[in-house]
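In the order they appear, the protein sequences are chains U and A. Numbering-wise, the first sequence is residues 1 to 238 according to our numbering. Numbering-wise, the second sequence is residues 1 to 238 according to our numbering.
As the list makes no split between identical chains, a pair holds if one copy fits it or if it spans any two.
Subject to a maximum C-alpha distance of 27 Å in a straight line, what follows is the list of computed DSS-like cross-link-like pairs (lysine-lysine): (1) Lys62 with Lys87; (2) Lys62 with Lys37; (3) Lys65 with Lys166; (4) Lys143 with Lys126; (5) Lys65 with Lys87.
Everything labelled a hint here was simulated from the structure, so no lab data went into it. This one's a predicted model, so the numbers in the text were calculated from it and none came from an experiment.
2 protein chains.
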Amino acid sequence: MRYELYYWPSIQGRGEFVRLALEDADTNYDDVARQPKGMAAMMRMMEGQAVERPPFAPPFLKAGKLIIAQTANILCYLGPRLDLVLKNESSRLWAHQLQLTIADWVAEMHDTHHPISGSLYYEEQKKEARKRAADFTSERMPKFLDYFEKILRRNGKGGGYLLGKKAGYVDLSLFQMVEGLRYAFPRAMKRLEPKHSRTVDLHDRVAARPRLARYLDSPRRIPFNQDGIFRHYPELDR
Amino acid sequence: MRYELYYWPSIQGRGEFVRLALEDADTNYDDVARQPKGMAAMMRMMEGQAVERPPFAPPFLKAGKLIIAQTANILCYLGPRLDLVLKNESSRLWAHQLQLTIADWVAEMHDTHHPISGSLYYEEQKKEARKRAADFTSERMPKFLDYFEKILRRNGKGGGYLLGKKAGYVDLSLFQMVEGLRYAFPRAMKRLEPKHSRTVDLHDRVAARPRLARYLDSPRRIPFNQDGIFRHYPELDR
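Generate coordinates for the entire structure from the input sequences, incorporating the hints supplied.
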């Protein structure tokens, strides 16, 4: 089966967490909205009258007849199929729990530049964004980083991954968080990274995975930009 | 097996979505943090050195040896066991996808009174809260309500539930959203309900389920209050 991923074509955003899994597993997939007429196809899936189970928002994955939305749900589905999580229930639940914690972190990241409304421009909520970003960098980033550092420390299996002995989809997502936060808040990360060496090591090990390294170096990896979830506004990074 | 639910003892909050499922299924469970020394027990699970897989935050469920956190993950686990979702994979994925969409809605609801920081009081972010709540009631509430109304309309199985022919855990959660939004934003809901009659009907049908009605009428149901996720500040409900 050839998977079809549907996501906004010009940003990494939430879709990137799915792309990393598909790429690391060397899966053939169509990144539909980045192909000709792909955006129209994506909008039809969301708004068409014929779709019985339409997604609320991208990303979503078409897998045969199934349409699966919500980033963490997609990864929960793909994980065992791409060999990116152990198949026993307790591992799948634990991986999914960590992924949902990352999803919360991503939502908070987004709200640093859009604390009031997703329908307004950043420039229209800049004052509030400064306050929210100050809280994010001083309270929330350390709290999430401390948590994942602790999980890495507690995993008794060795290998330096979040669960089990080898890299799984949650490790890829934590890599992406480090990448994104370095882009958005380089000063805050510079301060926080020394206290989170296991997380940084994990990031580096994931980045060096051959298929992932090839992907990151390819045009398929959309560069970070000021339309995505991770945005760099120096005034938010004190 | 007797389930143990861990959640802040004085609010409905996210824990309530789990309670509704446990209560509707007439499950025996301990609401641990509401029992003597329960808060200390909850904090030990989160902060104790011995816990290999500590949750990031409540709610979490102890089921035998498993500790499961993240509301939607807990419901994903409980759903088939409590007969609150069909057991086939496509139903479980679809129910979970809808539950995660509700989780996003809950997070946005929370941020109407805490748009800047969870560590500050509402009174310290009142001005920003007014703006965020205005966006929530005018843009986001209609968007989410329209979506669930559409899902109810599209479900071809009859019965007026979100999926399949009978009430499942997502229906209980949508009931809770209507309850909570009526408490927090009565004026906005008064305006929106007439356009969302399927959602309102679902709410009423869920409320009339005998075991749930008994629960809602019992002291186990914590009343809405100004510490929870759904809070009523008249100035935010224009």
